[in-house]
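Following the hints, put chain L in place on chain V, whose structure we already have.
Residues per chain, in single letters:
2 protein chains.
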Amino acid sequence: MSKFAVLGYGVVGSGVVELFYKNKEKIQKTAGHEMDLKYILDIREFPDSPYKEKIVNSIDLIVNDNEITTVAECMGGVEPAFTFTRQCLEKGISVCTSNKELVAKKGDILFEIAKNNNCNYFYEASVGGAIPIMRPLHRCLAGNDITSVAGILNGTTNFILTKMINDGMDFDDALKLAQQLGYAESNPAADIEGHDACRKICIISSLVYGRHVYPDSVYTKGITDIQLKDVQIVDKFGAIKLIAQVRRLENGKILPTVMPMIVPRESMLSNVSDVFNAVMVCGDGIDKAMFYGRGAGKLPTASAVMGDIIEAEKHSMTILSQCWDKSEGNSFIEDYKAFSSKMYFRIQTENTSAIEEECGQVSYIYNDNKEAAFVTEKMTLDKAMGIQSALAEKNIITAAMLPILDD
Amino acid sequence: MSKFAVLGYGVVGSGVVELFYKNKEKIQKTAGHEMDLKYILDIREFPDSPYKEKIVNSIDLIVNDNEITTVAECMGGVEPAFTFTRQCLEKGISVCTSNKELVAKKGDILFEIAKNNNCNYFYEASVGGAIPIMRPLHRCLAGNDITSVAGILNGTTNFILTKMINDGMDFDDALKLAQQLGYAESNPAADIEGHDACRKICIISSLVYGRHVYPDSVYTKGITDIQLKDVQIVDKFGAIKLIAQVRRLENGKILPTVMPMIVPRESMLSNVSDVFNAVMVCGDGIDKAMFYGRGAGKLPTASAVMGDIIEAEKHSMTILSQCWDKSEGNSFIEDYKAFSSKMYFRIQTENTSAIEEECGQVSYIYNDNKEAAFVTEKMTLDKAMGIQSALAEKNIITAAMLPILDD
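Chains as they are written, first to last, in the numbering used here: chain V, 403 to 809; chain L, 403 to 809.
Excised from the complex, chain V in its bound form (with noise of 0.2 angstroms):
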């Protein structure tokens, strides 16, 4: 017999409790033994639930509680999340979260507790929602060099692109409703400005390329300037999504980046709708992979948290290959400017000899004679940047550029 605790008794917390309990025999066959929830710590009061008496509001009975062996933190942000993650690792109980921004700001100095102490810090449920990704990336894949990994990883925003897409609506009017579903918190500024999806992409790239990635060290661009005409006119070749990426270079440096970019048709990642995630793995020994599943909500969010609490009960030592390092500075990190794509572009101008002297070969996807949209070669953003300014200068506005999904 095995007990855990689960902190933070919000949406996710609730939901591994839930799920827990309905399939607690199925769950204790795959760990190989008897388990139980022992406590729930929250510093509100549940006089109605089922559990009331499992709820305590202090860390320190769960961390001297030698019964207990693995913790879920649900809480979110950064503190408490922290220190009580720490306690709990310092003293062997190994942790396993859904806290994105804890793991992305933090992750490197918690695996190093982890280690010192024999136990895990699991983090499956951080990206992706139910999504396995985490597992994949450092277990089935192991065998492979993993070239790019490119993922849609914030369900709201990919909600609100979808409506744009499939339903004409406009930006907000598509953020309004998203909001009034529930989707969208009534500060959205996290997930419309990429935050979220920057989180995420820090955490695969840290697994992947084995050094921590910061947030504030990728760029990170959301989706409030895409205006409904761009949409409609790449309609007939791809999508626009939210992208976060990471690629490895050819000069050794790995590039993370989140950003707006046309998915073209092809790529099962244009299919991806509404508040569903996905991530396309490419590595020489698989082509390419990809995950696909509800990347945020009460269980599908569970269920990744309860996949580790079950690994976490079966492995008695760190597992090494799911930690990476702390990173001195950002050498291995190169400029977003290096970002290399074809590019989309939509400028305002009846002349298109202006874009052919600036762009050299293009592709004309639309022209009206005020505006035209065109594909380019494959380019630099710095190079794209250029192009923006240069058409400036000769009075030319750029209404939109976007790069375009290579996969």
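Keep in mind the hints are simulated off the structure, nothing from the lab. Check each hint, because a few of them may be wrong.
As the list makes no split between identical chains, a pair holds if one copy fits it or if it spans any two.
Derived BS3-like pairs: lysine-lysine, alpha-carbon spacing no greater than 27 angstroms straight-line [as the list claims (entries may be wrong)]:
| no. | residue 1 | residue 2 |
| --- | --- | --- |
| 1 | Lys431 | Lys728 |
| 2 | Lys508 | Lys493 |
| 3 | Lys716 | Lys493 |
| 4 | Lys690 | Lys431 |
| 5 | Lys428 | Lys655 |
| 6 | Lys631 | Lys744 |
| 7 | Lys517 | Lys716 |
| 8 | Lys405 | Lys440 |
| 9 | Lys780 | Lys493 |
| 10 | Lys428 | Lys690 |
| 11 | Lys428 | Lys507 |
| 12 | Lys655 | Lys431 |
| 13 | Lys780 | Lys507 |
| 14 | Lys716 | Lys431 |
| 15 | Lys785 | Lys772 |
| 16 | Lys716 | Lys405 |
| 17 | Lys796 | Lys785 |
| 18 | Lys700 | Lys517 |
| 19 | Lys507 | Lys431 |
| 20 | Lys428 | Lys716 |
| 21 | Lys690 | Lys426 |
| 22 | Lys780 | Lys744 |
| 23 | Lys428 | Lys728 |
Same frame as chain V, but now just chain L:
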């Protein structure tokens, strides 16, 4: 330092050797220690291979070498693979296999031997080639009650159907093209008659529901009857795919099937084209999650074997959650006629009143006064087959009948 051997130096076996030496540094880092390949077993000689000195033709040499801790079985077929695998496991050597026929027919016996000798029999590569699916199912999704798994598990048939859908080729021409491109064998029966997909859904069913499901207890129908006309009629709302599926029914039994089905456009599975494979898993926590990638080929399959080899090197104990029990009889498997879904019919008649008499409420999707195609409400295959017989008694020919996937 640990040493492993590869049994069978064909497509997959040579891929394992290639991938290992290409990514040796990373693989050793993940495994946590130095590794090397010591033997390659094959009855053929490879005088031009850079690894010719590792090639041996006696399994005894491998089995009796105490340095060998893991073996990759990439031979295919039941014998001599079964005997060799048994010999390895009996010596406590873990075996990682890409051999779906052997796992589907003898997995239960081999797990028993592995358990008794405290080693592992891993089979990630036996289903879905490069796609991580076994480990996600028994680890990451372990907190779920899994209600169904539906997959496109055979690349050859998916290539043929894609050519019919996208290029308007008929079945015979598409098969010939697949043979020319090396996707189909000169005797394509195992693929086009569904036996390959059947072995794979047996493995998935056994893992998910814990009891061995043998190929001969699975209703298996291939794609040889699929007509271009139906592919084109259903194109508006779906794609015909060979779907290998297992469902857990309300009566507690499971129902594994392999048959062509219409996959509605809303399902991500409808976008899986060419030789790619995908597996959609439904569970009470995750709702649904899909895994997509290359289902066959040298390096993709080798990637899965390599992931298993690394895992085997890291585990000194049998992982019981990836084993299943022997099944005594088939009483836990429901008769295929109880399979229930909406049905697509194409019948040759001018007399649509006969349709409504037999089928009740239907939605027409095609009618040229000689033939009509329509979709019924949900019904069992038993009832659908009864309708075919009743129509035949009225001299009305059913030209096509296909179940519609509901995910």
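Hint-by-hint comparison with the structure:
In this homomeric assembly, Lys431 and Lys728 come within 27 angstroms of each other (Cα to Cα) only across copies, at 17 angstroms, whereas the closest approach inside a single copy is 37 angstroms. In this homomeric assembly, Lys508 and Lys493 come within 27 angstroms of each other (Cα to Cα) only inside a single copy, at 18 angstroms, whereas the closest approach across copies is 45 angstroms. When the C-alpha separation of Lys716 and Lys493 is checked against a cutoff of 27 angstroms, the pair qualifies both within a copy, at 18 angstroms, and between copies, at 25 angstroms. Proximity of Lys690 to Lys431 under the C-alpha cut-off of 27 angstroms is restricted to the inter-copy arrangement: shortest distance 23 angstroms between copies versus 33 angstroms within a copy.
For a Cα distance limit of 27 angstroms, the shortest separation of Lys428 from Lys655 across copies, 16 angstroms, qualifies, whereas the shortest one inside one copy, 44 angstroms, does not. In the homo-oligomer, the alpha carbons of Lys631 and Lys744 lie at most 27 angstroms apart inside one protomer (20 angstroms), although the nearest pairing across protomers, at 39 angstroms, exceeds that limit. Proximity of Lys517 to Lys716 under the C-alpha cut-off of 27 angstroms is found in both arrangements, the shortest distances being 16 angstroms within a copy and 17 angstroms between copies. Taking the shortest Cα distances, Lys405 and Lys440 sit within 27 angstroms of each other inside one copy (6 angstroms), while across copies they are farther apart (44 angstroms).
For the identical chains of this complex, Lys780 and Lys493 are neighbours neither inside a copy (52 angstroms) nor across copies (56 angstroms), given an alpha-carbon limit of 27 angstroms. In the homo-oligomer, the alpha carbons of Lys428 and Lys690 lie at most 27 angstroms apart only across protomers (19 angstroms), although the nearest pairing inside one protomer, at 32 angstroms, exceeds that limit. Proximity of Lys428 to Lys507 under the C-alpha cut-off of 27 angstroms is restricted to the inter-copy arrangement: shortest distance 25 angstroms between copies versus 34 angstroms within a copy. Taking the closest pair of Cα atoms, Lys655 and Lys431 come within 27 angstroms of each other only across two copies (19 angstroms); inside a single copy the shortest separation is 44 angstroms, beyond that limit.
Taking CA atoms no more than 27 angstroms apart as the test, Lys780 paired with Lys507 passes in neither setting, with 33 angstroms inside one copy and 51 angstroms between copies. Taking CA atoms no more than 27 angstroms apart as the test, Lys716 paired with Lys431 passes in both settings, with 11 angstroms inside one copy and 22 angstroms between copies. Only within a single protomer do Lys785 and Lys772 lie at most 27 angstroms apart by alpha-carbon distance; the minimum there is 24 angstroms, versus 61 angstroms between protomers. For the identical chains of this complex, Lys716 and Lys405 are neighbours both inside a copy (13 angstroms) and across copies (26 angstroms), given an alpha-carbon limit of 27 angstroms.
Taking the shortest Cα distances, Lys796 and Lys785 sit within 27 angstroms of each other inside one copy (17 angstroms), while across copies they are farther apart (72 angstroms). In this assembly of identical chains, Lys700 and Lys517 lie within 27 angstroms of each other by CA distance neither inside one copy nor across copies; the values are 30 angstroms within and 37 angstroms between. Proximity of Lys507 to Lys431 under the C-alpha cut-off of 27 angstroms is restricted to the inter-copy arrangement: shortest distance 24 angstroms between copies versus 35 angstroms within a copy. Taking the shortest alpha-carbon separations for Lys428 and Lys716, both the intra-copy value of 15 angstroms and the inter-copy value of 25 angstroms come in at or below 27 angstroms.
Proximity of Lys690 to Lys426 under the C-alpha cut-off of 27 angstroms is restricted to the inter-copy arrangement: shortest distance 20 angstroms between copies versus 35 angstroms within a copy. Taking identical chains as interchangeable, the C-alpha atoms of Lys780 and Lys744 lie at most 27 angstroms apart only when both belong to the same chain, with a minimum of 4 angstroms there against 47 angstroms between chains. Within a single copy, Lys428 and Lys728 get their C-alpha atoms only as close as 38 angstroms, which misses the 27 angstroms cut-off; across copies the closest is 18 angstroms, which meets it.
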